[in-house]
Amino acid sequence: MAIIELSGIKRHYNVGEVTVRAIRGLDLSVDVGEFVAVMGPSGSGKSTLMNILGCLDKPSEGSYVLDGLDLSSADSDEFATIRNRKIGFVFQGFNLLARTTALENVELPLFYNHNSSRRDQNERAKRALSAVGLGDRYGHTSAQLSGGQQQRVAIARAMVNDPAFILADEPTGNLDTEMTLEVISLFQELNDAGITIIMVTHEPEVAAYTKRIIVMRDGAIISDRPVENRGRAAADLTAWKAQNAEVQV
Amino acid sequence: MTIRRIVSLASRSIFRNKVRSFLTSLGIIIGVGSVIVMVAIGQGSQEQIRERIASMGTNLLMVLPARGPNQINRLTLDDITTLRNEASYLSATSGEVRLSENVVGGNGGTDADTYWSTSVFGVEPDYLSIKQWNVGTGVFFTEQEDSDRSKVAVLGSTVAAKLFGTSDPVGQTVRIGTAPFIIIGVLATKGSNGMGNDQDDVVMVPLETALTRLSQNRVLDSIQMSVVREDLMGAAQTEVTAILKQAHKIAATGNADFNVMNQSQIIETASSTASTLTSLLAAIAGVSLLVGGIGIMNIMLVSVTERTREIGIRMSVGARRRDILMQFLTEAIILSLTGGAIGILMAIGIVWGMSSWAHIAAIISPGIVVASAGFAAIVGIFFGYYPARKASNLYPIDALRYE
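For the record, the sequence lines run as chains A and B.
Using my numbering, the first residue of the first sequence is number 1069, and each one after it goes up by one.
Using my numbering, the first residue of the second sequence is number 3, and each one after it goes up by one.
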C-alpha cells in the first residue's frame, strides 16, 4: 500500500526576473515499511522534495496524496495538522529546543495535538525516549547530551505522535562514525518494526543501510533502485567498537 | 491548545530568560507604579481639601446673595427671623457680615505698635456651633450682647498672636475701625480652609453690633445654617429656597436673588482644581507606562528574531500560525501583567512610606489599581500583537534554516 503518492510534481520559484526550476516533473511512490535514501548533489532538488514531502512547502504543479489524503487544496493550518499527525521530522542540526529537557522536547508534537491529555503526553514521551535508549536521560537538556544522543531525542520526538512516516534530512551529517552507526541502527530497528523512513543523505555508505536509493539531479529522479546486500548498522557498530577498542589497547 | 497550556508554555520561556524578562517588565513596573503614586498623591490632596472644608462644619447649608448684573443683595435680618420661624430642618442659624477693618491696639505682638488688617465677621452666637468651632480662652458673646449691640470682640488665634503675642488678650481693648471693643475671648486654632486662606485671621463681633457700628447698610453677606441630619440636606435646601422666595416675593418658578449651597457643592467647587491636577499627574505618569509598553514591543521583536529557529521547530512539529501568535502574545501579556502587579505592590509600598515618614497625604483607591492593571494588560496586548504576528507569519522552511 502506497503511503506517499507524488505525481507530476513541479516546483519553481520566482527570484526577481529569473524563474528557478527546483523540481521539473517528478513521480514517486513510497509504500508502507520502506526505508528510502534520497541522494544527489546540492542543487539537485532533494531539499525541495523533502520540503514538499514534509508539507513545509507546496508544489507549483502536481498532486501529493499522503496516506490516502489529497493535499492539493490544503491550507497552512491543515498542513500544520498533517505535520503534527502524519510526519516525524529528523534534521541534520537536531533542531532541539535549547535549555529544554529531552522529555519536554519529545513532548512538543503532543503539545500541539489537542486529543491527548497532559498525563498521556508525558507517558508517550517517556515511552518514545525509552525506545531510543534514553530512558535514563529525561531531565537532560540538549547541552548535556552528545550529538548522537541529541539526534536520538530528535528521533524520539519524530516518533512520539505515531506518524505515517519519518522524514530525515541528512540526520548523520553532523555525527562521527560511531554516532552515525548508532543513529542508523536505530532507524533500521524502527524500520524493522514497520515504520516508513525517507532519508536524505550525501553519504553512499549511509545510504547502503537503506532498502531503496533514489538519486536526483537537476530536479528530477535519474535513478531509483533497491539496495542489495543491505548492511546491518548494529552489527557494524559492534565490529567498529571492537576494532577501536583494540587500537586503544 | 488550552489556555492553561499556553500560559504554562509562555511562563516557561519567560523564566528561561529571567533577567531579560525582568528588564522588559521594568518599564511597566515603573509606569504602573508612578501612575498609582501620582494619582494617590493627587487624590490625597483632594481628600485633604475635602476634610478641611468638612472641618468648617458638618451639615452646613448657606444662603448667599445671587451675583450678577442687576442683582441687589436683599438678605436681611428679617430673612433669618423668617427661617427660624418657618424652616423645619434647621438646627441652628446665623447671619454673617464680612468686613475688612484695621484692628489697632494690643501689646507684645509683632503688629501691636501699628495695626493689623483683618476680616471682621459680624455673626450670631450659634455661628460657632454651625462652623464646629470652639473658643480657646475666654467666652463667646451671648444673644443678650448681640441684641444690646455690645462692643465686644472675639479674636482668631492669628490676630491674637499678631497683636498680643503670648500675652492674654482677654479683657484688653482694641479699636476696630473707629470704635473700641473689649476682647472677651480667643478662638481655638482652626487652620487653613483648604483653599489657602487662614481661617484664624479673623475677629468676630456680634451681628447687630457690626450692622449698626461697622457696616454701611443692614444687608447680610450670608446666612449660615446647620441641618439636623445629613440625609435631610436636600430637603432643607429645597425648603429654605421656598421660604426665602416667598419672603422676597418671588414666584416659585422665578429666579431667586440668592443661592442656597450645601457643603458638597462647596467641596465640589474646591476640589475640581485638585482633580485637574490629579489628571495632569496621571497623564504624565501614563506616558511612562506607554514607554514601558514600547519597551515590551522592542524586546518581543528581538525575541522573535532570536527564537526564529524555535518557531520553525514548533511549526515543523505541527504548531499552527494561531498557536505561535498566541504563544508570543501570551508572553507579552504575562510580562506586562506581572510588571503591573509588581508596580502596584511597589506603589503601595511607596505610598505607605510617604504617608508614614514624609507625612504626604496619599490615598490609593481600588479604582486606580484596577484601571492601571487593566491598562497594563491592554499595553501588553497592543504592543505584543505586532511581534507575535510577525512570528506567526514566518515560513517554516525559512525559520528552520535561520541561523
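Heads up, a few of these hints could be off.
[What the hints assert, rightly or not] Anything over 10 Å on all C-beta distances counts as not near chain B; from chain A, calculated:
| no. | residue |
| --- | --- |
| 1 | 1087 |
| 2 | 1148 |
| 3 | 1246 |
| 4 | 1312 |
[Stated by the list, open to error] Now the stretches of chain A that chain B is said to cover, found in silico as 3 or more residues with beta-carbon under 8 Å:
| no. | stretch |
| --- | --- |
| 5 | 1119 to 1129 |
| 6 | 1172 to 1181 |
| 7 | 1200 to 1207 |
Calculated from the structure, these hints are not laboratory results.
Virtual Cβ for every residue (Gly too), placed ideally from N, Cα, C.
Against the structure, the hints:
no. : hint         : in the structure
1   : 1087         : holds (18 Å)
2   : 1148         : violated (4 Å)
3   : 1246         : holds (26 Å)
4   : 1312         : holds (33 Å)
5   : 1119 to 1129 : holds (count 4)
6   : 1172 to 1181 : holds (count 5)
7   : 1200 to 1207 : violated (count 0)
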